[in-house]
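A.B. asks: Using the sequences and the accompanying hints, generate a full structural model.
Protein chains: 2
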Amino acid sequence: MDLSWLVWTAGLIAVLFALYLIRDVMRRDSGTPAMQDIAGRILEGAVAFLRRQYRTIAILAVVAAVAVGAVVGLLGGERGLEAYGITGIGIAWRTALAFLAGALCSGISGVIGMYISVKSNLRCAAAAAKGGLSEAVTVAIRGGAVSGFLIVALSLLGVAGIYYMYGGNPEVTPHLIIGFGFGASFVALFAQLGGGIYTKAADMGADLVGKVEAGIPEDDPRNAAVIADLVGDNVGDCAGRGADLFESTAAENIGAMILGITLYLATGNAAWVLFPLVVRAFGILASIVGIMFVRGKDNESPMNALNRGYFTAVGLSIIGIFIANQTIGGDLWLFGAGVIGILTSVAMVFITQYYTEFRYKPVQEIANASRTGAATNIVSGTAVGLETAMPTAITIGAALLLSYWMGGQTGIAGGAVFGTAAATMGMLMTCPFILAMDTFGPITDNANGVIEMAGVGGKVRKITDRLDAVGNTTKALTKGYALASAGLAAFLLFEAYLERVAFLRGETEMMAVDLSRIEVFVGGLLAVALVYFFSAVAIKAVGRTASKIIEEVRRQFKADPGILAGTSRPDYARAVDITAAAGLREMIFPGLLPVLSPIVLGVFLKLTGYDSAMAIAGFLMVGTIGGIMMAAYLNNSGGAWDNAKKYIETGEMLEKDGSPVLKHTVTHAATVVGDTVGDPFKDTAGPSIHVLIKLLSTITLVLAPLFI
Amino acid sequence: MDLSWLVWTAGLIAVLFALYLIRDVMRRDSGTPAMQDIAGRILEGAVAFLRRQYRTIAILAVVAAVAVGAVVGLLGGERGLEAYGITGIGIAWRTALAFLAGALCSGISGVIGMYISVKSNLRCAAAAAKGGLSEAVTVAIRGGAVSGFLIVALSLLGVAGIYYMYGGNPEVTPHLIIGFGFGASFVALFAQLGGGIYTKAADMGADLVGKVEAGIPEDDPRNAAVIADLVGDNVGDCAGRGADLFESTAAENIGAMILGITLYLATGNAAWVLFPLVVRAFGILASIVGIMFVRGKDNESPMNALNRGYFTAVGLSIIGIFIANQTIGGDLWLFGAGVIGILTSVAMVFITQYYTEFRYKPVQEIANASRTGAATNIVSGTAVGLETAMPTAITIGAALLLSYWMGGQTGIAGGAVFGTAAATMGMLMTCPFILAMDTFGPITDNANGVIEMAGVGGKVRKITDRLDAVGNTTKALTKGYALASAGLAAFLLFEAYLERVAFLRGETEMMAVDLSRIEVFVGGLLAVALVYFFSAVAIKAVGRTASKIIEEVRRQFKADPGILAGTSRPDYARAVDITAAAGLREMIFPGLLPVLSPIVLGVFLKLTGYDSAMAIAGFLMVGTIGGIMMAAYLNNSGGAWDNAKKYIETGEMLEKDGSPVLKHTVTHAATVVGDTVGDPFKDTAGPSIHVLIKLLSTITLVLAPLFI
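These protein sequences, in sequence, are chains X and A. Per numbering that gives the first Met the number 0, the first sequence starts with residue 0, numbered consecutively. Per numbering that gives the first Met the number 0, the second sequence starts with residue 0, numbered consecutively.
Be careful, since some hints might not be right.
Said to hold, decoys possible - Under the rule of at most 20 Å between Cα atoms (straight-line distance), these lysine-lysine pairs were calculated in the PhoX-like manner:
#	chain 1	residue 1	chain 2	residue 2
1	A	K662	X	K655
2	A	K655	X	K557
3	A	K662	A	K210
In short, the hints are calculated from the structure, not lab data.
C.D. replies: In C-alpha cells:
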C-alpha cells in the first residue's frame, strides 16, 4: 500500500500542531513590564545577530550553490545520469537549486527556533513568578516543541517536495536532491559555529569580567555583557541546534532514500524509496502525543514529567514503525532493525545521564577531585570525558552490527545496509520530541536570567533554578542523541556515497575502501587531524571573542563608575554588537575548513594519480569515527564539569563533617574553573563537530563526480 | 655485497662505546657526602620500585608467552609454515621463546636506563656545583647516551641473534621471530604505564601537598614525597622510555624484515631482508660521532651544543644510508625514501619546538591567556594541543606518500611499501642520539633536585635550572620523534600483518581492508574508543595514586610537627613504598586493556561469522590513526603548559608595564594549574599511547592465526 499521502498529512499536522502551540504559549501571561523590557532587549539582540549572521551565510551559500552546480554539471553529466536523459545543465541547476532550498530551509529552522524560544522564555518566567512550577514546565516544553515540530515538518515536506518536483523517479531523483542535504549542512555548520562561538564567548566573558573580576553575581544587570549572554543562549543553543537537527534529518533521509533504490530495484516495490519518509511521519504523530503527555506537577521533579512524555513517544514510535513496515510489505526483520534504532536512542540517554548528572559516580568524582583545586578538577573531568568514548562506541557499534544483521536476514539484495537505515530512521522518529527537550534548556536558562535581571528573587528564583538544572540535563541528553544519530547515520551515508560513485561510474558493484592503500590511510589520518584542528580553531575563536567582550565591559566599568554602583545602566546593545561582530568574523575560517579540506585533498590526490574517490571515502569514514569520539569527549566532559559545579551550588555536596560545601570555597572555585573550561567544549566545539561529520557526508556525496 | 657482519660489528662497537661512556662518567667527581646521600636514596627507591615492578611484569610475561605459544602453535602450524617443515610445536616454542627474549631484553633496557641515569645525575650535580655548565652538559648527555647505545645495541643484536638462531632463512625466519617484538612491546607497555603513573602521581602529590597546601618550595627536603618525585623521574622517564624505544626499534625492524621478504622473492637478493639491520648499524656509527660532538660551552645555551651533535648525526646518517643502499645494490630511489625518513624526524623536532617552547607564539598565547586565570589557561592549552594534530598528520602523511612513491619508482614488486620501510629505518638511524637527549632530561631534572635537597643554592641552582629547562625541551622533542616514528612505522606494520595473513592462508594476494564493511568500520570505531578509554584509565590512575601520597605526606606532617619545622626528617622510604604499591596496582588494568581488546573483539567477530582478520586490520589501522592524534594532543598540550609556566619563572614574560610577571601572581598560579594538568597528559597517557599503538601492531601480527 502506498503511504506517501501520510507524509504530506503528517507534515501538515505537525505545522498545525506547532501553530496550536504558538497560540497556546502566546496567550499566556507575559509578566511585568520590567520582565518584558528585558525579554525585548534579548529579542532585539538576537534578531540583530541573526540578521548579520544570515547575511554572511547567504552570500557564502549562493557562491557555494553556483560552485556546486558547476562542478556536478560539468563532471557528473556524462556518466550515470545521461542514461535517463538528464544533461549536465539539468544536473547543475537542479543540484544548485536543491542546495539553495536546503540552505533556505535550514536557515528558516534556525530563525523559528530562536524566535519562539525568546517569546517562550518570558512566559516561562512569568509562570514561575506566579509560583507555578507545573505551568512553567508546560510553557517551556511547548515553546520548545514549536521549533521541534516546525523543523521536522520543514525537513519532511522539503525533502518530499523537492523529490516530487524533480520527477519522483525512484531510480534517479534521489541523486538529484542530494544538494538539499548539502545546502542544509552548509548553513547548519555556520549557524552552529557562529551561534556557538557567540554564546560561549558571551558566557565566558560575562563570567570572567563579572563574577571573577568585579565580584558581582551571574546575570547581574550591572554587567554589560549579561544581555549578550542571554542572547547567546538563543542564537547558539536554539538557532544552532535547530539548523543542526534540520540538516541531520534531511541528510539522513536522503541517504536512506538512495539506499532504498537498491531495494526497489531488487523487489520492484517503489515504496522502499519513500519508506524513510513514512517512518518519520509516524514519528511526528508519536511525538505529538508525547508532548501532550508532559504536564509538570508542583511536587515532582520536572525531569519525571519529561521522561513520561519521552517514553510515551518511544512506545508509540515502535507501534508506528511496525505499521509502516507491515503496510509497505516489509519483512519483520526490518521492523526489528527500526526498534534497534529506537532503543539506541534510549541507551544513549541513559549513558549521557550517567556521566553528566551528579546523582552518579563520575560527576561526584570530579566534585571530590575539586577539593584539591582546579588542576585535579580538570584532570578528573578530562578523564571522565575521554571515558565516555567507550560506551558511546559500544552502543553505536552494537546497534550497527545488529541492525545490519537483521537487515541481512530479509534476504533482499541491499537489505543488510538498509537495516542500518531502518535503525537510523527509527532513531529519528522521536526527533521532534528531542528537539523540544533541547530547546527547553535555553528557554529555562533565559527565564532564569529574566527573573534575576528583573530583580524578582527568593522563592521564584528557586523555581527557575530548578528548571534551569533540568534544562542543563536535557541539553546534555539531546547531544548524546544527536551524536548517536550521527554515528548510526554515518554508515548509511557512506554506503550512499559508494552507491553514488558506482552509479556515476556506471558500475554495478560498489568499490572496496581499502585502508591498506596508502592514499586511503593518509586520507583517514588527515581527516582525524581535521577534527582536532577544527576543534582547536573553534575553541580558540571563543577565547578571542571573549577577550573582546571583557575589554568592552571593563571599558564601560571604567568610563562610568555609576554602573558598578547600580545608579546607571550599562550599554548592553554595544556589548551585544561587539560580540556579534567578533563572533561572526571568527566563524568563517572554521566553517570553510571542512568544506574545503576534502575538495583540496581529493583534487590533489586525483591529479597525482591516486584513487581519489577511494581516498575520500577513507577520509569520510575515519574522519567520522574520529569526530564521534572527539564530540563524545568534548560534550560529556563539558556536561560533567557543569554539573559538578551544580552539585555544590544545589547544596547536595557535603564536607567530611556532613555540612554542605559552600560557595566561594576552594572546592567551589575549582568547579567554576571546570565549568568555564567545559563551556566551549560542550557548546561550541562538540556540537559543531556533529555538523562537521554530517557535512563531510553530504559534501562528498554531492561532489563525488569531482573525485572520480 | 653482504653487510651482515656490519650488524654484529656495529652492535659490538655500540656496547664498547657505552662501556667507555660509563667509565668516563663514573670517574668524575661525585659531589659532597650530602649529595651522595640523596642520590643513594633515589637509587634505593628506584631499585626497590623496579624490582617490584619487574616481578609483576615477569609473571604476566610468562603467562602471556605460554598463551601466545599455545595459540600460534595450535592455529598457525597447519598453514603457511608447514611447507617449510615447521610443525605446530616448533612454531609454539620458537614464538614463546622469542617473546620471552624480547620481554627480557626490554626489561634489561629499562633497568640499564634507570641505573646509569641515577649514577649520572649525581655527577652532573657535582659538575654544576663546581660551577661548570659545560662539564655538566657533557656528563648529562654522556650519561644519557649510555642507555641510548646499550638499548639500541640490544635491539639490534637481539633481533639479529634470534634471526640466525632460528635458521636465518629469509623466507620463513621473520615469521618466527615476531614474538620478539610482541614480548618487547608487552613489557614496554607495563614499564611505561607503571613508571608513568608512578612519576606523575609522585610529582602531582608532592606539588599539591607541598607547594599548594604547606606552602614549601619544590624539592624541599621537608616534603616526604620529594624523594618519590625524584625516583619517579628515573623510573618513568628513563626506564619507561628505554623500554618503549627498545620495542620501537625491535618491532619496526622485524616488520621491515617481513616486507624485505617480498623484495627478496622478487629480486633473489637475500640482503633485502637484512637491509633494515644494516641501515641501523650505520645509524649507530653516525650517532657515536654525533655524541662526541656535544661539548657544552659556558657562555652558550646547552641546546646549541645538543643541536650541533644532532645535526652531525643526521648528516652522517644520510651518508650511511647511501652506502648501505649502494652496497646492497639498491635503487637510488630507496636511498631517497630513507632520506625522507631522516628529514621527517628533523621536521618533527621543529614542529614540537614551535608548539612547546616559549620563544614561539603558541606557548606565549597560553601564558597570555593565563592572565585571566586558570580556566583560560586550560582552554588555550587544550586548543594548542589539539592544533598540533594537523602539522603532525601532514608531516607523517607527506612522508608516507613520498616514500611510498619513491619506493614505487624502483619498479620492484613490493618496492612501494618497502619505500615506507626505508623511511622508517632512516628515521630510526638517529635513535641512539635521540635516546641520549631524552635521558638528558631526567638526569638534569634530578641533578636539580639533588642540588636543592643538599642545600646548595644560589649560582649553582641557576646552572641546574638552566639545564633543567633544556631537559624539558629535549624530553618534548623526543616525544615528537617517537610519535612520528610510530606513525611512519604503522604503515609498514600493517602491511606486515597483511602479508602474514596472506602467508598463513597460503594466498599470494594480500586482502583488501574494506572500511565499507560493517565489521571493519565497527572495529575501527572501537579501536579509537580504546585509545580514549585507555587514556582516561591512565590519567585516572595518576589521580588515584597521587591521592594516596597526599594522604601519607599529610599524615607525616601531622604525626611529627618537627618535619615542617625542619628539625626532623620525614620518612621518605615509606612515601616511596606507598607510591610504588599504588602505582603498580594501577598499572595492571590499563596494561591488559590493549592486550585483551583485539583478542576479545577478534574472537567474537570470528565466532559470529564476520571476517575477523579484516576487522582486526581495521581495528589496528584506525586505532593507530586515533592513537597518533591523541598522543600528539596529550604530549604537546602538556609540553606547552609546562613551558608557559617556565616562561614566567625564567622572568621572560612581561606585564604591560614592562616589568616581569612575578611568581605567586594570579597569572603564575594559572600556569601552575596548567602544568599540573599537563603532567599526566604528557608523561603518563601520551607516551603510553605510543607503546599502545605498537603493541596493537605486534599483538595482531603474532596472533594473526587467531583471527583467520
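A.B. asks: Among the hints numbered above, which are violated by the structure, and what are their numbers in rising order?
C.D. replies: Per hint list: single violation, 1.
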